[in-house]
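Enquirer: Residue numbers (the numbering used here), protein chains in the order written: chain A, 1 to 201; chain B, 1 to 201; chain C, 1 to 201.
FYI, nobody ran anything at the bench for these hints, they're computed from the structure. Some clues are possibly wrong.
Some, not all, of what chain B presents toward chain A, calculated at C-beta under 7 Å [unchecked claim]:
1. G33
2. Y56
3. L58
4. T90
5. F94
6. V178
Calculated from the model, a selection of chain A residues having no Cβ within reach of chain C, i.e. all distances over 10 Å [what the hints assert, rightly or not]:
7. T47
8. L51
9. A72
10. L91
11. D171
12. R172
13. I182
For every residue, glycine included, the Cβ atom is placed at its ideal position computed from N, Cα and C.
Each chain, written out:
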Amino acid sequence: MEIQYIFELFGTVVFAISGALAGDERQKHDWFGIACFAFITAVGGGTLRDLFLNSYPLVWINDMNVIYAVFAGILLAGLFFKYFSRLRITLMLFDTLGIALFTIVGLEKAHSLGANDFISVMMGMMTAVMGGMLRDVLMNRTPTIFVQEIYATACIVGGVAYLVFDNFGLDRNINFIVSGAIIAAIRIVTVKYNLSLPKFY
Amino acid sequence: MEIQYIFELFGTVVFAISGALAGDERQKHDWFGIACFAFITAVGGGTLRDLFLNSYPLVWINDMNVIYAVFAGILLAGLFFKYFSRLRITLMLFDTLGIALFTIVGLEKAHSLGANDFISVMMGMMTAVMGGMLRDVLMNRTPTIFVQEIYATACIVGGVAYLVFDNFGLDRNINFIVSGAIIAAIRIVTVKYNLSLPKFY
Amino acid sequence: MEIQYIFELFGTVVFAISGALAGDERQKHDWFGIACFAFITAVGGGTLRDLFLNSYPLVWINDMNVIYAVFAGILLAGLFFKYFSRLRITLMLFDTLGIALFTIVGLEKAHSLGANDFISVMMGMMTAVMGGMLRDVLMNRTPTIFVQEIYATACIVGGVAYLVFDNFGLDRNINFIVSGAIIAAIRIVTVKYNLSLPKFY
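With the hints as extra help, turn the sequences into a complete structure.
Expert: Laid out in structure tokens, this is it:
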């Protein structure tokens, strides 16, 4: 449990950095706006999951460590902004780590609340991608998850993998790492080779 | 009850088709994006209603048939895409059927949860139109319900009619059909004759 | 308590006016759209707060006076539209009154539900600014709170002041007025002298 908690906080820091840096492109956000984006990116997905599953109190209302993790992410983004923005690859790796961690954390939470396998995978994926989606909507952009390379799909595949391995009795901690690695691997490979899902029409 | 359940699932299929086809105009959505739009259009309104009324578990989390209905809608949209998009009238009729069904389903649910008449009509209307509104927001469009012809207003009129007939002791199943038909009739007539509400300013 | 209730209803009227007038700039909204914007602006922030804190029933579902206050605001906006839109300063003062009232109302409610100081200040700020933010998102604008002059920050400062004064044993009604006045003063001074927070990058 403790390792998972550390993973969750680490994922929160990473997503907060990613959210704070997302404001960059328009160049007109003040500290408050940036803090909002960081916060929404980091806790938005988990909040939606908990609202849908009626799981109260919400994590960030109950545990100040989550708030501290968001502030840590904002601070890091501010301090190392020039460094981060030059290294888009680094950023992408952080974000990939974030979705890998949050997918499994969200799936496990939904499962423990009695959701079936399908809903649990969906909740895992939503925990990972909905924060960024809400941020994009608030910034008046079309959310990238609807138009971009394989992103949410990687979370779904990793979530299914977790359930399959769990069925075969794999140790939970090992399963966490293996399934998370699958998500990260799919994301990295598809970005590197510029793969995408087939268009619908 | 059984007839109403079938109506609800049928409305879900219809809205999922409408949501899947809404992605068309930008031409850059992959399968995942389309599935998201279909899902949000079909269950978004009911989800908001249930969050506002504290009614858990959410319908789509509790009943996999709703999920299957969404997938059926996506599949139908994919298979008959060319057919559907050529027949905009057909699409409009499906959507009209959807809002007629969902308005009464939502109103009845709110009423059974103890909401007063005003709130019940409002919840019926929201069940019908909020899914499409959320989809439009996520697609970075101005929601059509704010700028377009009589749409939500038809739901409100039909909801009020349902309550009036119910007060006069009309049989619930007949009332469902009559009030739903009123919504559909208003929508179709106003589209045909291009009527709209007066502008505010 | 009664004075606070009157403040809350007055804040609702004021925000409904502000929401109804926000539709102006695009000039294509009908009565239904305007009513939606007024409603969302007035009750959106409190609704999000209550969803996050699991506080049911929602205020506007439980108390028709809130609904009447929204309608009063819409009516006033319609009747005095030309007058209001010529007096942008008047409008800004109404909106300032609204955020001052709602910040303290929201903070007190969160506190009474057991939230800690940090979360209570955050909930007060959200009660004040999230309605306008949701309206902006639905209108497909970038929410002004992310790009504009000091607005949410004034709410945060006023909320912190309320807690500090409360700690020193200041009478609750006096504290309500003093802290609200601080919020209004910050907002007015920063608008008058065109002050803003430092940019993040």
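Enquirer: Taking the closest pair, is the beta carbon of L91(A) still more than 10 Å from chain C?
Expert: 15 Å, holds
Enquirer: Does G33(B) pass the interface hint, meaning its C-beta sits closer than 7 Å to a C-beta of chain A?
Expert: Nearest chain A Cβ about 4 Å off; hint holds.
Enquirer: Identify whether the interface hint at L58(B) stands, where standing means a beta carbon of chain A within less than 7 Å of its own.
Expert: Holds - the Cβ of L58(B) comes within 7 Å of chain A, reaching about 6 Å at its closest.
Enquirer: Holds or violated: is the Cβ of D171(A) farther than 10 Å from all Cβ atoms of chain C?
Expert: Fine: 35 Å to the nearest Cβ keeps D171(A) off the interface.
Enquirer: Was R172(A) rightly flagged as not at the interface, with every chain C Cβ beyond 10 Å?
Expert: 29 Å, holds
Enquirer: Are all C-beta atoms of chain C more than 10 Å from that of A72(A)?
Expert: A72(A) clear of chain C: closest Cβ-Cβ about 15 Å, beyond 10 Å.
Enquirer: Checking a non-interface call: every C-beta of chain C should be farther than 10 Å from the C-beta of T47(A). Is that right?
Expert: 7 Å, violated
Enquirer: Would you settle whether the hint for Y56(B) is holds or violated, based on the nearest Cβ-Cβ distance to chain A being less than 7 Å?
Expert: Hint holds; Y56(B) Cβ to chain A Cβ min 4 Å, cut 7 Å.
Enquirer: Evaluate the condition: distance from the CB of I182(A) to the nearest CB of chain C exceeds 10 Å.
Expert: 33 Å, holds
Enquirer: Holds or violated: V178(B) as interface residue toward chain A, Cβ cutoff 7 Å?
Expert: It is violated, given that the least Cβ distance between V178(B) and chain A is near 34 Å, above 7 Å.
Enquirer: Does the closest beta carbon of chain A sit nearer than 7 Å to the beta carbon of F94(B)?
Expert: Where the cut-off is 7 Å and the nearest Cβ of chain A is about 18 Å from F94(B), the hint is violated.
Enquirer: Taking C-beta pairs only, is L51(A) more than 10 Å away from all of chain C?
Expert: Non-interface label on L51(A) violated, nearest chain C Cβ at 6 Å vs cutoff 10 Å.
Consistency with the previously given hints fails for numbers 4, 5, 6, 7, 8, ordered from lowest to highest.
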